[in-house]
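*Asks:* Model the placement of chains B, C and D on the given structure of chain A, informed by the hints.
Same order as they appear, the protein sequences are chains A, B, C and D. Following our numbering, the numbering of the first sequence begins with 167 at its first residue and continues without gaps. Following our numbering, the numbering of the second sequence begins with 7 at its first residue and continues without gaps. Following our numbering, the numbering of the third sequence begins with 39 at its first residue and continues without gaps. Following our numbering, the numbering of the fourth sequence begins with 34 at its first residue and continues without gaps.
These are computed hints drawn from the structure, not numbers from a lab. These figures come from a predicted structure and were not determined experimentally. Hints should not be assumed to be uniformly reliable.
Partial list, computed: chain B residues near chain A (C-beta under 7 angstroms) [what the hints assert, rightly or not]:
#1 E58
#2 N87
#3 Q93
#4 A164
List time: in silico DSS-like cross-link candidates among lysine-lysine, alpha-carbon distance up to 30 angstroms [claimed, not checked]:
#5 B:K61 <-> A:K606
#6 B:K61 <-> A:K576
#7 B:K206 <-> D:K50
#8 A:K636 <-> A:K606
#9 C:K41 <-> B:K206
#10 B:K206 <-> D:K124
Ideal Cβ positions, reconstructed from N, Cα and C, are used throughout, including at glycine.
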Amino acid sequence: MGRRRHLLIAGGLTAAALSTGGSLTYYDETLPTTLNPLYASSMVDFRSQELIFDRLWFNSSINNELESRVVDSWEMADGGRAIRLTLKSSIKWHDGKPFTSKDICFTVQAMLDPGTPSPIAEGYRDILAGCKTEGNSVAKVTFKKVFHNPRQRLGFAVLPRHAFRNNTRISPDLEFSARPIGTGAMKGSRGTRGVVFSAVENPHHRAKIPQLQMQEGNDPLLQVRAIMNNAVQGIIAVSPPYRAEISARDELALKSYDLRSWWFIALNTAKAPLNNAKVRQALDYILDRNELREKSIGVKPGERNSPCEFISGPFVQSSPYYNRQVPTKDRSDMAKASALLTEAGLKKTGGTWSSRGAAVNFRLGMLKSMNTEAPDLLEYVGNQFGAAGFGRQSFKISTDEWNREMLTGKAKNYDMLIGKWSFGQVEDVNDLFNTRKTGKGTRNIFNYSRADVDKLLDNYDRAKTDTAAKDAYHKLHAYLADDLPYLFLWKLDTKSAWRTEVKSNTISPYFYFTEFDSWKYDG
Amino acid sequence: MKQWWLQPMVRIGVALALPLAVPLIITYLIWALPGDPASIICPPELCGGTEELAKRWNLDGGPYQFYTAWMANAVTGEFGNSWRVLQGVPIAGLLGTALPNTVMLILLSLVPLVVFSAASSAGWLSPRLDPLFQTIGLVPAVVYGLVAAAVIQLTFGADAFTEDALRIRLLLGALVLGVADGALAGAVTGTRSLFDAERKQRYVGVAILRGETELSNTLPNLASALAGQLRARTLHLLSGAVIIEAVLQIDGLGDFLWRGTLKQDFGLVLATATGFAVVSAALLAFQGLLEIFVALHVRRSPAQVSIEEAA
Amino acid sequence: MNKRRLALTIALTCVGLLLLGSFTAPERLSPVSGAEYALPMEAPPFGADARGRSLLGYALQGAQIVAGPAFLAAVLVGLLATLGGLLRCAGSERLVTIVNGFREVVGALPRMVVILVVALLTPPEWRGLGVLAVFWAILAAPGAIDEASAVASRIGGANFVEALRAHGFTRPRIYLYHIVALNLRPVIVRHASETLMQVVFLEVALSYLALASDEPSFTHLESFHSWADLLYMGYTSLILDVPTMHALLLGLGLVGVTAVLSVSVTASARAR
Amino acid sequence: MSSDRVIELRGMCIRTKDRVLVRDVDLDVEAGEVTALVGVSGAGKSLTARCIMGVIDVEPGLAAGSLRYPAFSGDRDWFDGYVDSGRRGMKRLLRETATLRGAYFTYSPQGASSALNPGRTIGRQIELALTRREQPVQDVAKTVGQVLHSVGLDPRTAGALPSELSGGQCQRAALAIAVAPLPRLVIADEPETGLDPVLRRTVLELLARVCRDYGAGLLLISHHEETVRRMADRVVRLTPAKEAA
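Looking at chain A on its own, in the form it has when it is part of the complex (with noise of 0.2 angstroms):
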């Protein structure tokens, strides 16, 4: 062992020798499939991105207001159906050529166009009807109908128009989704093993870093070993089990990094014995989630700010929509829920619940990438369910086969997933409970139907204030905490880790890098 130590040392100073000059490396999960916003499909993808372009309007990081970096003033016009934008003058895209109202309307046509195949413009034509040039720096956006947030609605990120010859069917192998033009603080080029960021000077932007390069981090162990070489400086996403090894070094910060992001078990509400909600509320009595988070993202009990907290409906404790009067279930209460299971009429034989005489069966998936998150939550959930007298088989799932079945409500064969939603900007639930027959409800996972849900939902968007819309979904949290589609269990933060000398590195939440103009580096 001490010979490798050596080697490691060794290593570790080469590495601090090499990579000196300003320059910053950090490790993302993976590489980006595509620097095009449209076709952002993961995480990684919308960090990339963050640096590259600038989203019309943004959530401040310091105080949570919404800004923009791009729009100089704007105004409502046509009776809330549409937003007259006044631009910053003397912006500039990376390759020089000014930013003008036309790229805001191209972006906008180029969502509305369907020979653009993104499932983010497809978002955007339900909300965008179209867009109207007034000059060089006004642009009018028109919207399909009035909404409570509309610069919320707008956070998508400007194309440049003449990186398209003004083509609006913009297809995901264009070249510009490994070269973009963008307006954000950095340029951005992909190779085959990461992507290089350079800072490019403009009113609206000033890194102080100038040069920044993403690679591939490979195993978790991996990356702890090389940030504490100085190999690298930053990690974007830190395991759990390694983390107590990170925050012992001084040369070393976790920093919370809240992917807005809050943790489920969705329960097949069409497959007997879930279709009875006494069953469903008795499995959420016999998931004790203190010990699942203790045992697998390794909270202690009784730890402060821990980056887990419980919730008892569809989104964070942090967000306007969360219902307060709804208690979290930390704790397992097997009286109650044993009560509830013979209510519902299951029999409990040699310590195994039968319904209909026949043993009760779960199928439990989990996507496979929240493993490296949660080590073994599935086997955990299982083995809780499993000791309350049920039979279990359990499976992981890859992210492909996750949005191939899952997310098209075909996955009838399972009873349970383990999953997790994140939101950007817009914590929209609609379409996890909205009935997909109505054409909305797309990601609704078990096809969960309720009409009281889809009124509740319809009141939300047809919300014309802020205290309209949050009262449309305080009843939706109430309703979905006593019916269970879901089993709510927690917003998960991730932590990230950078070196000391990275200094005043604010994480934005969910998009990470929206600050990085303060960001600083004396390495």
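*Replies:* Frame of chain A, contents of chains B, C and D only:
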């Protein structure tokens, strides 16, 4: 020795056909499978814009049209852009970087094989060492490979993908490829047995009595057999290169093929598979040509007497 | 006890272990708190991983993943080789040419490339080691057929059959006993056992790659653990000072057992 | 260099680790003469023949004796320093005498068809032999033709491979290769074996004649008393060595 030219000609024929055949086979496989090609190549849920893709790849026109179109582009060096692995990056460019790396990797990994084989057939390497080579070869290449990769990542960190790092990756990769998966043991014993068998031939002993050397007599007669072995070994190495490049993150044909397969980037897979076909076609052609050369060399005679007359 | 019998015993033991393992494999490996990184003496027989799961479970599940497909491929190659040899004795010259052509084409591509392309093209619901193993067998077949028919022609091909007919043996007896059992056996068994080993190695390599790139493996369900997991654990111990050296040893041991199996099977079938 | 004695072997003793193969062998060969080396099989005829060519491939090998090539190197003893020098020494001796083999004396093997390199045409093999003449050959093709003709082979056989010739033709070809370098001595190792009586006679006569034509001595190794009586000018008998202590 009747029709001595037949076998080499077959080889060269196959070599010429291979780069055409491989994409053809893949194409027909796609159409043979149930479901429409576009969504096999890239399920809509994964890619987005499957119909766009169908147009782009001329998948609507049936296998023949697709194949001819693809070939026509390929000949002009146009392979389109990567769809899912490196979205928007021209595949031709990727092949441009991958091919030299893979070839270099293979050539480097042939060095230990050739050296040790030569040594063993010259009798400088005792057969008692064989078990050692076999034991080394027992450890799967992936294990060595990942250890090497980790060392590089820890040592180079930010600069893990610079030219220098790549050189080291290639060297380590070649080393691993050369010794692991029984490559070395196979090569050593294989060549040795060839030479030993030839040495036992009576004419060698007599040649020595004529003051000639052993090698000058045996080597020409073994050339084609050796070429055959060399090709087999190289193919084995190419096969292993897929794993090694993936693990050591070397931008080679194998690595792009692997990533393409994982991400279902069909364009990339088709291109890289064809790339492999070209490489092994080159090997085949080399073997064929060498066989022809040897046959002609064997037939060399000072008196102007044509082969047919003599045969 | 002569060499062949010894080899046969070893071979049978290995096969037995493999089958036993695949039948007794647990459905899931449950973490045991307190047993993290337990060494073999602390958590017999093989110790435990970072979450206290017994490594025995890994070994058994790995066996279950490979056993079926590996034997399938082996049998397939064996059958094809036998067929090749018999047809040669049946005096079919054309077969030889066909096989040669087939070999040139199939043998011209690196196997791993073919396997990956197949993996890409097989629909997700069919994906698994089974399909890949069959294709591997097809890729390995030409060599086997070629050698079998070479042996057949060495013993005289059609003339051999005629000669024995003259001695009054029945065709089935000649083909099954004199040709297959007495002459082709060594070749067939060698190729079959080599294929078996190669398929196991293929599984390990593919799963290992999948682990390294944190992607699902083509070869088995995510809920299952391949022998590659053991090697991967071991790799972290090699480079990152994680106390899982015992996992590496076990992984290598299993790979070794497979190799021994293949070698001993071949040895036990060697002609007298 | 005026002496016309080609070989002068004195008191040679060759042994393996456990037994003596030949002992106290004396052998003189004069230019232009036919010397016969006879003895029962196992008496060490071939071994002796190989030894006088400097090829000793047994261990430890040379235990005693001296070897001179008076017509070539006067009084130099080629065994000097190699007695009991073991495997290494025998290898060095082999290298040192390489220039003589195939030039000063040549070898015509028995069972020629298996003794000719199957990967070279007869013409090519003769051509290689010609390169070992003292004076470089001007018109190789022509000379090859002549040599072939002198052993009674059709010049067209120059383009043929050994596998394309009959046993008799191979024997003639081997002889052609042996005489092509214009050696002082041709060593013929039981040239008659494997040939029917008629062919045997022709081959032997051819051998004798060709050697005479090319002015080379002939060392004939044989166990055929009749052959020897008919052809040899001088006979050397080898008796199996008694077991050494």
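*Asks:* Quick one: which hint numbers does this structure break? Sort them smallest to largest.
*Replies:* none
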